[in-house]
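Chains as they are written, first to last, in the numbering used here: chain A, 1 to 310; chain B, 1 to 434.
None of these hints come from the bench; they were simulated from the model. Every value quoted in this text rests on a predicted model; they were computed, and no experiment measured them. Please note that a few of the clues may not be correct.
Pairs of lysine to any residue residues, derived as SDA-like cross-links and limited to a Cα-Cα distance of at most 25 Å, are as follows [to be verified]: (1) B:K406 to B:Q74; (2) B:K406 to A:A118; (3) A:K224 to A:L207; (4) B:K406 to A:M1; (5) A:K224 to B:A34; (6) B:K406 to A:E85; (7) B:K406 to A:H117; (8) A:K224 to B:Q74; (9) B:K406 to A:T86; (10) A:K224 to B:G195; (11) B:K406 to A:K224.
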Amino acid sequence: MHPGSLVGLAGLPAGAIERLLDRAEAWLAAWERGSLAPVLFGRSVALWFAEPSTRTRVSFEQAASLLGARAIVIGERGTSLEKGETLADTAATLQATGVDAVVVRHAASGVPEQLAHAVRIPVLNAGDGTHEHPTQGLLDALTVRCAFGRVAGLRVAIVGDVLHSRVARSTTWALAALGAHVVLCGPPTLVPAALAQALPAEVEQDLHRALQGADVVMALRLQKERMAAAYLPSEEEYRALWGITAERLQWARPHALFLHPGPSNRGVEVESDVHDGPRSLVRQQVRHGVAVRMAVLERALGEGAAAWPS
Amino acid sequence: MALLIRGGRLVDPATGRDGRFDVWVEDGRVAAVAPDLAARLPAEGGSVEVFEAAGCVVTPGLIDVHTHLRVPGQAHKETLATGTAAAAAGGFTQVVTFPNTRPVIDSPWLVEAVLARAREEARVRVHVAGALTRGQEGRELAPLAAMARAGAVAFTDDGRPVADAGVFRRALEYARAVGLPVLDHAEDPGLSGAGVVHEGPVALALGLPGIPALSEAAAVARDVALSALTGARLHVLHLSTAGAVEAVRRAKEAGAPVTAEVTPHHLAFTVAEVERLRYDASTKVNPPLRDEADRQALIEGLRSGVIDLIATDHAPHSPDEKSLPYVDAPFGISGLETAFPLAYAVLVQGGVLTLAELVRRFTVEPARALGLPGGRLAEGDPADIAIFDLDAEWVVDPSALRSKGKHTPAAGRRLRGRCAATFVGGRRVWGDRP
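Just need the whole structure built from these sequences, with the hints factored in.
Written out as structure tokens, the structure reads:
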């Protein structure tokens with residue numbers, strides 16, 4: 001695997017995560033000053049989105065373009081890289097086009113990792129199945145760090161469908177590595193107790209107890225398919241038991257802040273007054289997403305750490 | 001031409017022989033077994049083939065009651081030629097090929113066709129298990145009596161377990177009348193859902209849907225109860241969990257006509273291999289590799305006799321299929337060529353079974369469970385013989401397997417014990433040693 005690849009945050013040391021956040025913060029500052037340098041000029045990045053995604057794809061495209069790299073979107077519909085082709089063929093095709101890196105989004109867990117083993121260029125995971133979404137984990141960590149000045153010692157409650165959430169996994173790995181205490185909360189069908197052995201987190205089914213003392217509350221998107229598959233009875237019932245309302249946010253610490261990876265189901269996992277309220281960091285998350293992806297692309301395509309502008 | 005297998009340690013549980021014996025073969029049958037048969041050799045040369053088995057263990061040919069030769073219709077996964085070459089290389093002289101093929105073997109004509117092709121292409125003796133229900137769809141009974149007359153030795157919907165208990169009950173009642181056993185892939189499809197690996201922390205961390213242990217134990221409990229109710233012989237395939245072993249133990253204690261098997265991969269590996277190999281589908285098998293506590297229960301079940309026998313569930317797939325994303329890749333491990341050494345490592349080197357007891361679980365017990373001939377080397381028996389060099393160390397190299405299926409979690413493992421030669425009806429089908 002190319003050392004610039006990023007297929008997951010599990011097992012990544014705190015130092016590596018902090019360095020990426022530092023770089024993201026530096027790019028964010030430069031972006032806001034209007035002094036971005038096109039350090040990746042002339043490089044090209046393939047964005048292979050085998051599963052549709054608007055926000056992540058646009059965020060990667062924007063990050064690449066801000067650094068002067070060319071992003072080529074492939075996949076989705078009307079391309080030759082379609083379901084049925086073997087990963088080996090996909091890998092060979094991508095490499096043969098001469099792109100410098102591949103960003104991959106796939107519905108099947110593990111595909112970015114398998115791809116990274118099959119090509120010589122860096123592979124960046126933009127979300128694979130129910131496994132990981134490392135740039136989302138990094139942007140959540142960056143958002144928390146910017147808001148509190150630190151991550152260590154904070155209590156973070158992640159509420160929702162953790163079982164099917166690659167975001168919850170990556171965010172937990174990132175925050176826990178940086179010293180946060182992560183509490184996973186939601187219906188027992190979607191937050192199985194065994195998660196406590198799989199991730200560096202505590203599992204707490206009761207929302208009140210999960211939110212008590214929390215510095216950060218993050219709600220996950222509830223997919224409609226979960227009702228059809230008998231994970232829970234209805235959106236209404238989910239909202240009644242695990243929805244984040246302004247009143248319930250009071251159970252957390254007075255300064256507690258709210259995160260959501262988007263896209264949000266307003267009125268289900270979160271009420272609009274929380275989502276758009278003064279405690280919400282949802283917009284910062286999106287901006288931080290671009291900064292984090294700049295850092296990740298720079299790490300993948302830059303001429304080694306020494307060449308990173310300070 | 002006569003054959004003398006000379007100087008080996010004969011381990012033949014059926015006759016109780018375990019020691020230095022020569023085996024003399026004539027006209028495809030065992031003609032004599034005695035400590036020293038050199039005197040029978042003609043004075044000059046003559047037309048006697050002599051196999052020098054000194055330092056080796058000579059056993060009845062192994063019998064695998066659970067093999068997927070993928071015939072008919074899936075030649076990209078395996079053929080009679082490649083599958084039985086793999087069997088011969090593993091010391092097996094008889095295999096039972098399973099009916100989850102394209103088309104499904106659910107008619108007497110298909111049973112006859114597979115047997116006819118096997119007579120031409122197979123290196124070892126091939127038996128056929130017919131489907132239990134038409135198309136393995138779990139709704140209508142397949143023509144069991146007609147398939148039995150055509151030569152089927154058992155019936156199974158392996159891979160697509162019969163979800164409807166009423167259908168399964170009637171299938172058992174009918175199979176009982178036909179006089180053949182039902183081979184049971186015990187799995188509750190609702191509990192398994194879209195699962196691909198053992199449910200638990202490893203599955204959760206990798207983001208792969210889990211198959212709970214109870215999916216097997218619950219189905220075994222149902223099926224052994226139906227066996228007791230109907231009096232039909234039920235052979236439970238590939239036990240993988242402590243709960244399933246316990247369900248079989250209770251059924252046997254209550255007198256149900258139940259037998260059970262375990263695979264070498266479930267004896268040797270756990271979900272820790274999934275953690276190690278991550279998204280490499282070499283570990284993807286159904287039932288999945290389980291926890292260490294389950295593995296220990298399987299070993300103990302085999303030791304105590306709750307589990308009667310070892311079978312491979314050799315389930316080859318093409319490399320392209322196994323290279324798909326983990327959730328999309330098919331279930332199945334290539335097992336024939338590593339079965340005996342893997343089981344030897346866990347059970348004999350592990351101090352669980354004697355060598356003779358291990359051989360019994362690969363010969364006498366499979367023959368008994370399915371009512372097959374063989375598994376014994378007494379005077380007059382067919383000369384189906386395997387010879388193992390138990391001192392030979394080798395590293396499992398998937399590309400060197402004879403099977404078209406190259407995927408096994410045993411890849412790269414150093415194993416002790418290798419099949420040096422295999423004879424079917426006195427004819428050598430494997431091994432080039434003099």
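Each hint, compared with the structure:
no.: 1; hint: B:K406 to B:Q74; result: holds, 15 Å
no.: 2; hint: B:K406 to A:A118; result: holds, 19 Å
no.: 3; hint: A:K224 to A:L207; result: holds, 21 Å
no.: 4; hint: B:K406 to A:M1; result: holds, 23 Å
no.: 5; hint: A:K224 to B:A34; result: violated, 74 Å
no.: 6; hint: B:K406 to A:E85; result: holds, 20 Å
no.: 7; hint: B:K406 to A:H117; result: holds, 19 Å
no.: 8; hint: A:K224 to B:Q74; result: violated, 39 Å
no.: 9; hint: B:K406 to A:T86; result: holds, 17 Å
no.: 10; hint: A:K224 to B:G195; result: holds, 20 Å
no.: 11; hint: B:K406 to A:K224; result: violated, 40 Å
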